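Under the numbering used here, the letters of the sequence shown match residues 23 to 196, in that order.
If you're looking for bench data, these hints aren't it; they were derived computationally from the structure.
Because the structure is a prediction, the values reported are computed rather than measured.
Using N, Cα and C, we set each Cβ at its ideal position, and we do this for glycine too.
Among these hints, one or two may not hold up.
What the hints assert, rightly or not - The calculated label-pair distances, taken between Cβ atoms and stated as ranges, are:
id: 1; residue 1: Gly-89; residue 2: Arg-67; range: 37 to 43 Å
id: 2; residue 1: Arg-120; residue 2: Thr-69; range: 20 to 26 Å
id: 3; residue 1: Ala-90; residue 2: Glu-62; range: 18 to 24 Å
id: 4; residue 1: Gly-171; residue 2: Glu-66; range: 16 to 22 Å
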Amino acid sequence: MVELQVLRRLMDRELDRLRGFIHQLRPPLLEESGLESALEELAERLTAETGIPVDVGLDAPASTLDGAHRSAVLRVAQEAFRNARKHATATRVWLTTRLERSSTSESGVGWVLEVRDDGRGFDVEEATMLTGRRHFGLRFMRERAQLVGARLEITSTPTLGTTVRLAIDLGERT
Numbered sequence: 023m024v025e026l027q028v029l030r031r032l033m034d035r036e037l038d039r040l041r042g043f044i045h046q047l048r049p050p051l052l053e054e055s056g057l058e059s060a061l062e063e064l065a066e067r068l069t070a071e072t073g074i075p076v077d078v079g080l081d082a083p084a085s086t087l088d089g090a091h092r093s094a095v096l097r098v099a100q101e102a103f104r105n106a107r108k109h110a111t112a113t114r115v116w117l118t119t120r121l122e123r124s125s126t127s128e129s130g131v132g133w134v135l136e137v138r139d140d141g142r143g144f145d146v147e148e149a150t151m152l153t154g155r156r157h158f159g160l161r162f163m164r165e166r167a168q169l170v171g172a173r174l175e176i177t178s179t180p181t182l183g184t185t186v187r188l189a190i191d192l193g194e195r196t
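Could you build all of it, start to finish, from the sequences and the hints given here?
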């Protein structure tokens with residue numbers, strides 16, 4: 023009987039961990055509010071917690087994205103905000119979405135997320151070559167983009183800030 027109780031506790035604990043992983047894959051904020059509201063809330067939270075103003079321009083309809091793409095957009099935006107807050111010493115952040123002609127398809131359209139800051143910037147090439155926990159966020163954003171077939175571009179110039187750009191090819195869906 024004791025073994026069954028131990029097994030039950032172990033199963034309950036593992037079920038809780040599994041639920042946590044599922045929530046990470048599909049953020050509750052995204053499910054409850056939709057992508058546009060979730061992005062606006064991220065911006066409001068960054069300003070409220072740090073005093074850094076965020077200019078938001080959401081011009082691309084999230085309805086053109088499927089659930090996996092919306093989740094990737096939110097996670098990349100969260101990580102870009104985290105980096106602006108933690109590493110960049112930014113005084114302003116810009117968050118935009120837009121549709122533009124896709125660079126991978128002559129007749130296709132791309133959905134673009136861009137997070138830009140005016141912080142201290144960094145050497146992207148050097149950071150990409152370094153491994154380990156210090157640059158985990160950059161690797162996380164790249165992996166998120168790859169998982170959904172999107173392109174992630176990070177441009178940065180020391181003392182001039184950083185731009186994180188996620189481009190999703192919509193093909194003929196719009």
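Now the hints, each set against the structure:
About 22 Å separates the C-beta atoms of Gly-89 and Arg-67, a value inconsistent with the hinted range of 37 to 43 Å. Between Arg-120 and Thr-69 the beta carbons are some 22 Å apart, a value that agrees with the proposed interval 20 to 26 Å. Range check, Ala-90 to Glu-62: about 21 Å between beta-carbon atoms, so the 18 to 24 Å window is met. Separation of Gly-171 from Glu-66 is about 30 Å and departs from the stated range, judged on CB atoms against 16 to 22 Å.
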